[in-house]
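Here the protein sequences line up with chains A and B, keeping their order. Residue numbers in the first sequence follow my numbering, run continuously in steps of one, and reach 611 at the last position. Residue numbers in the second sequence follow my numbering, run continuously in steps of one, and reach 611 at the last position.
No lab work stands behind these hints, which were simulated from the structure alone. Check the hints yourself; a few may be wrong.
[Claimed, not checked] Simulated pairs of lysine-lysine, DSBU-like, Cα-Cα distance not exceeding 35 Å:
| id | chain 1 | residue 1 | chain 2 | residue 2 |
| --- | --- | --- | --- | --- |
| 1 | B | K483 | A | K430 |
| 2 | B | K196 | A | K405 |
| 3 | B | K147 | A | K430 |
| 4 | A | K343 | B | K158 |
| 5 | B | K332 | B | K141 |
| 6 | B | K135 | A | K164 |
| 7 | A | K342 | B | K343 |
| 8 | B | K158 | B | K207 |
| 9 | B | K416 | B | K116 |
| 10 | A | K164 | B | K196 |
| 11 | A | K147 | B | K207 |
| 12 | A | K442 | B | K147 |
| 13 | B | K274 | B | K548 |
| 14 | B | K342 | A | K164 |
| 15 | A | K158 | B | K343 |
| 16 | A | K147 | B | K483 |
| 17 | A | K147 | B | K343 |
| 18 | B | K207 | B | K164 |
| 19 | A | K164 | B | K416 |
| 20 | A | K147 | A | K196 |
| 21 | A | K158 | B | K147 |
| 22 | B | K147 | A | K483 |
| 23 | A | K343 | B | K342 |
| 24 | B | K140 | B | K207 |
| 25 | B | K141 | A | K196 |
| 26 | B | K158 | A | K164 |
| 27 | A | K140 | B | K430 |
| 28 | A | K147 | B | K442 |
| 29 | B | K164 | A | K207 |
| 30 | A | K207 | A | K274 |
| 31 | B | K116 | B | K147 |
| 32 | B | K158 | A | K483 |
[What the hints assert, rightly or not] What follows is a set of in silico ranges between Cβ atoms, one per label pair, in the way DEER data are often shown:
| id | chain 1 | residue 1 | chain 2 | residue 2 | range |
| --- | --- | --- | --- | --- | --- |
| 33 | B | H154 | A | P315 | 29 to 39 Å |
| 34 | B | H154 | A | N575 | 18 to 28 Å |
| 35 | A | T296 | B | K332 | 37 to 47 Å |
| 36 | B | T14 | A | T101 | 25 to 35 Å |
| 37 | B | R108 | A | V326 | 52 to 62 Å |
| 38 | B | P155 | A | D278 | 38 to 48 Å |
Where a beta carbon is used, it is the ideal one built from N, C-alpha and C, also for glycine.
Here is how the chains run, residue by residue.
Protein chains: 2
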Amino acid sequence: MNPAAPSGMPADATPGARAQAWLTRFETSQRDGPPAATAALFDDACYWRDLVSYTWNIRTFESREAIADMLAARAADVAPSAFALEGEATEAGGVVEAWFTFETRVSRGRGLLRLKATPDGDRAWTLLTTMVELKGHEEKKGPRRIKGVEHGIHPGRKSWLEQKDEAHARLGHEEQPYVVIIGGGQGGIALGARLKRLGVPALIIEKNPRPGDSWRNRYKSLHLHDPVWYDHLPYLPFPDDWPVFAAKDKIGDWLEHYTRIMELDYWGSTVAEKAEWDEATQSWTVRVLRDGQPLTLRPRQLVFALGVSGYPHIPQIPGAERFEGVQVHSSKHRTAEQWRGKKAVVLGSNNSAHDICAALWENGCDVTMIQRSSTHIAPSDSLMELALGGLYSEQALAQGIDHHKADLIFASVPYKIMHTFHIPVYEAMKVRDADLYARLEKAGFLLDFGEDGSGLFMKYLRRGSGYYIDVGASELVADGRIKLRSRVSIEHINPRSVTLTDGSELEADLLVYATGYGSMNHWLADLVSPEVADRVGKCWGLGSATTKDPGPWEGELRNMWKPTQVPQLWIHGGNLHQSRHYSQFLALQLKARHAGLDTPVYQLAPSHHRR
Amino acid sequence: MNPAAPSGMPADATPGARAQAWLTRFETSQRDGPPAATAALFDDACYWRDLVSYTWNIRTFESREAIADMLAARAADVAPSAFALEGEATEAGGVVEAWFTFETRVSRGRGLLRLKATPDGDRAWTLLTTMVELKGHEEKKGPRRIKGVEHGIHPGRKSWLEQKDEAHARLGHEEQPYVVIIGGGQGGIALGARLKRLGVPALIIEKNPRPGDSWRNRYKSLHLHDPVWYDHLPYLPFPDDWPVFAAKDKIGDWLEHYTRIMELDYWGSTVAEKAEWDEATQSWTVRVLRDGQPLTLRPRQLVFALGVSGYPHIPQIPGAERFEGVQVHSSKHRTAEQWRGKKAVVLGSNNSAHDICAALWENGCDVTMIQRSSTHIAPSDSLMELALGGLYSEQALAQGIDHHKADLIFASVPYKIMHTFHIPVYEAMKVRDADLYARLEKAGFLLDFGEDGSGLFMKYLRRGSGYYIDVGASELVADGRIKLRSRVSIEHINPRSVTLTDGSELEADLLVYATGYGSMNHWLADLVSPEVADRVGKCWGLGSATTKDPGPWEGELRNMWKPTQVPQLWIHGGNLHQSRHYSQFLALQLKARHAGLDTPVYQLAPSHHRR
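Please construct the entire structure, taking both the sequences and the accompanying hints into account.
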C-alpha cells in the first residue's frame, strides 16, 4: 500500500497513475493557477532542471521560490501543454520515476519526473525538461527523410555530387555561414552534425589537416578512458563490435569518416587568427588562414569548441633554458620507443602522466613520476561497474537503457545533489580496491577521492583535473617499476638533471610536463580580446567552493552550451558524452536564432570570475 | 473458434501455443521418429527452405518426400534441438506465423514457421531455417566485444594503428588470405565485412582505385532504384536521415567509408589476371596486377563477386565500325551535358535506357529510344507502396519490422510459389497506374508484366532484366519528348545515322547500347578456364522455364552463395539487399571451412546449363 497517496488518488494507485495525475495537475496549474500553486506541487527539497525548453538557457531551479519566479516570468510565453507519460512509470525506494513528453508554443520536449509521496500527496523531487525539436523545423529523418531524387523530369538538374561540391565551395566565400565553429575535434564535429541536420549553415575550422588529428596527435599508447557505450556521436552509433576502449587512431579515423558521411563543411589546416564583433552588422568578423591563405568569415554566431582545456600549462622552473635533454608538454609527447635505456622525469600525476610513465616503462626507459599533490585513482573496471554500468554498459542496454535514455537520466540528476549519488560509489571502490590503494600509499603515493569523497566525475565537473583512471600504471607505481617522488616538485633544472624541492637530484634525458592546461577562456582573450574574455568569464565548474572551483554556486557548468554575457558567442566542448548530448541543446538554440524565433533568455548567468 | 485444432490442443489455443506445440513435436520427431513421421507434420503442399543450417547448402524442399529424404540423410549429424518460440506468434487468414530459434550440433539458428489448420491438426505450410552463428565462433559484438586495450603493462606492446598497418601489409605477402574475393563492389564489401567479424582472413581485389568507384563510374543521373530501407549494409545501417533514393556518388562514398571503418583488406587498382586450382596444395593460385605490379595470391577459397551481370553485351551490327559519332555501352556512358542540341539513339528499353534517355532529354538532346521487345514498367511509388512497403518502409519499421526481420520474412517465401504473392501486386498496379500504361501503349510502347504477370521482382530473379522502375522517364516516353521506335531494331549503322529494321533511318551523333550484359560466368571462363566455367554452369535464375530462365526447376538461384560444382569456388552478388542478407550465409560457410568443421553438402546442385 502506498502510505501517502495524494488526495483524489486511490491508495493503491500505480506509479503510472500517480505520475499522470501529477503531470495533469502540473499542466493545468501552469495554465490556470498562480505560479506559486504550480511551485507547491514540488517537494520541500526540489530541483527543476531545464535544458532550453522553458528558459532558452540551461538552468536548474533549486527551490519552490526559484520555480515560481521562473514560471511567473516564462509560463505565458512558453505555453506548456500536452504533458503525457511515455512508457511505464516505475517506483523504487519510495520514488516514482516517469518519462513524459510535452510541448511548448514553439517546441516539443521530453522530460523525466521523480515524485515522492508526502503527507500532502505526491510532490516532485526532481524534474527535467528538455527541448527535442522546434515545431516546423524538425530534422528530416525517418518518415520526414528527403526522397534524394526528384522523380520526374527537370531540365538542367544537378547531381547530388555537383550540388554538394558547389555548396562546399560557396560556403565561406560567396555565402557566409550562419555559424563558425572554431575547433574541429569531437565537440565541433558533433555540433556541426546537429546543425547540418537542422539546416543551419555552419563552418568548422580546424588547425590540423584532417578531422580526428587532435586524437591522432596524442601519445601513442592513448586509448579512450571512457567505455564505448558512453562515447557514441549523434546519429551514427558505433558498430556493435566497437571495442570497449578504442585506440586514439581508431577514434581519429571514426571522426574523419563521420565528418565526411555527415557532409559537414569542415576546413582543415585552417587557423583562426582574430575574431571581432561588428556592431553595425551584428555579426563576427573572423580572420583565418586557410592553408596559409588569409580569408575573412562573417558569421552571425561564433562557437568556441577548442576543448575544455586551454593552452598547455608549463610551469616556469629556473634553469629550464639550460636543459640539454628533451623537455616537452604532455600534449606534445608522442612516442616512447626512442627512450629505451634513457632516464625520464614526468612532472605530474594525473591521466596523461600515468599513461606516459607506463608507456616509457614498457619501452625500457627508467622513469620517475613527480607527484606534487594528491591524486584520485579510479581503477577502470571499478569505475565501469560501480559508476557508469547502470547507465552505459551492455547490462544497461539489456534493460532497455540505450545512450539516448541514459543521457537524459544522467542529465536529470541535479548538480546540487549529484555528489550524494557519487559518494557511495567511491566508498564501495575504496573497499573493492583496498589492496591497490594500500600498496599505493605504501609506495608513497598521495591519494584522495575529492574533497567530499565524491570521486572522479565530480572532480571532472568542478575542475576538470585531479585524477587517473587506472588502466595499469598504478600497479607499476605501487611496485616501484615507475619510480615515485611525492610531496615534492622540481626546484630547478640542470643541464642533465632536475633538482627537487627536497634537495635531491634526478638525472633526466627527457622531461615531460604533465602539468595540465590553462583556462579555457585564454582562447577568447587571444582570439577576440582580453575584455571579451573577461566579460564571458570563467568557463566550466559549478561554483562548488572546492579546489579550483570557487563559489558562488552556479548550479550548471559555467558558460557551457548556453548564452554567455557576450551575445552570439558560445562555448561548446567536453568529453564525447557531453559533445553528443549538449550539442543537441546548443544546436537548437542556434537554430531558433537562425529561424528568427524569439529566444528570451531567462536568468543569463552572471560572470563571477575572470578566468 | 479454431476449426481444426490439432489433437491434444484446445480448440481455442493461441497462435503461440499452436506453434509451440508443433515445434515440440517437430523437435521430438526429428530425434526419435522416422523421417517420414517428421515429414508428416507438413501439409500436402509444403516447403522447407534451409539456409545452411541443415544442409550446408541453400535448398528448398518442396514435398514431404524431399523433406523425409533430407532428414534421413542429415538429422543425425545436424542434431537439431532447443526449438523455442521467439516473440509472439500471430494468425491471419488461417495461417499461424511464428518466429523461433533453434540449435544444431555446431550452430545456432533462427526460423520462421507458417502453420495451417488441417483436419489432422496443424501442419506446416512453409518452414525457413537459417544459420545465425557457429558455436564457439561467434562474432565479437555486444557483450562479446573486445576490450580494445590490454589493461596492465605489456612491454613492447604495439598500438592499434601499428598492428592494423602491419596486418594489412602482411596479408597477400608474408601471409596468404584464406579467401580472395574478386570484385570490390557492394557484394565483395559486404562479404568482406562479415568475414572480418568472423576472423577469416580475406582479401578483396578491385580493379577501380577506390571502394565505391563501381557506382561513381556510372551515368551521372543514376540514383538507387531501390529505397533506403532495402539497401542497408551489414552492421552499420544508414543514418536515419539517409534519402529514400541515394545518388550514386553518395552510395559510392558510403561504400568507401564503410570499407575503411570495417578495416577490410581491400586492394584497389588491382586486376585479377588468372586463377588456377592447385591440386597439390588444394588452393587457388591467383595472379593479379596491383598498381601494375604482378603478384600471386594463394587463397584456399575463391569468391567471384563481380556483379550479377557479366561483360557488357554489345550486339554486332553491320556498319558499326564506320560510325562517325560516339557509340558506347550504357555501362561506359557518363554525362549528358555535352549532347545538348545533338541527336542520340539509345538501343534498349530497360532501366539504364530510360535513365539515360531522360538525362539526355533533360540536357536538351534530341533522343530516340529503340524498343526491340516488351518491357515491364513499374512506377517507383507504386512499387514501394504495393510491393516493398510491407517489409521495407517507415510503416514497416513502425510495426517492428526492421530490415533484419524483413530479410527473413522475404527469405521465407518459397520461390516455387513466390509469383502467386506477386501477381496480385501487379494486378493492383495495373489499376493504380492505368492512365500511364494507357498513354504508354498509345505512344507505341510495348508493355508486359512478366510472362505470368508476376512483375518486376520475379523478372529480376529469373533473368535479371526486362524492366524499368519508373522515376519519370515513362512520362517523357508517353508524351513523345523521348521519341520512341518500338518493334524494331537497328538493321545497320551508317556514318551519321542508323537504319532500322523497318527501313527507316535516324540521324545519330550518339549511339548508346543499353543492351545489357552477358552471362555472369563469362568471368569464370576468362579468369579460370572455359572448362571450369562450364562445370559451374549457368548462374542466377530459378529454372522457371520462362524467357531467359530455362528449366529444369532449381528452386533456388543457381550457384549463388552456396557450393558449386567446383570445390572452393563461390559466386556472390546481387543488389544491396542480397549482398547484405546472403553474405551472412556465404560467410558462415567459409568460416566453417576455415575453422576445419565438417561441412557435408546435401544435394549439391547439378549444372544443367553451361552459360
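**Prompt:** Okay, T296/A versus K332/B on CB: inside 37 to 47 Å?
**Reply:** Holds: the Cβ-Cβ distance is about 45 Å, inside 37 to 47 Å.
**Request:** Mind checking the hinted window 25 to 35 Å against the Cβ distance between T14/B and T101/A?
**Result:** holds, 33 Å
**Message:** Check whether the Cα positions of K207/B and K164/B lie no farther apart than 35 Å.
**Reply:** holds, 23 Å
**Prompt:** Are the Cα atoms of K140/B and K207/B separated by 35 Å or less?
**Reply:** holds, 31 Å
**Prompt:** Under the criterion that the straight-line Cα-Cα distance not exceed 35 Å, is the pair K116/B, K147/B satisfied?
**Reply:** The given pair, whose Cα atoms are some 48 Å apart, is violated under the 35 Å limit.
**Message:** Check whether the Cα positions of K416/B and K116/B lie no farther apart than 35 Å.
**Reply:** holds, 18 Å
**Message:** Need the status of pair K274/B, K548/B: alpha-carbon distance at most 35 Å?
**Reply:** holds, 29 Å
**Message:** Would the hint linking K158/B and K483/A be met if the CA-CA limit is 35 Å?
**Reply:** holds, 23 Å
**Item:** 35 Å limit on alpha-carbon distance, applied to hinted pair K158/A and K343/B
**Value:** holds, 21 Å
**Request:** Compare the distance between the alpha carbons of K158/B and K207/B with 35 Å, and conclude whether the hinted pair is satisfied.
**Result:** Answer holds: K158/B to K207/B is near 32 Å, not above 35 Å.
**Message:** Does K442/B sit within 35 Å of K147/A, going by the straight-line distance between their CA atoms?
**Reply:** holds, 30 Å
**Asked** Between K483/B and K430/A, is the straight-line Cα distance small enough, at 35 Å or below?
**Response** violated, 82 Å
Of the numbered hints stated above, those contradicted by the structure are hints 1, 5, 6, 7, 19, 21, 23, 26, 31, 38, listed in ascending order.
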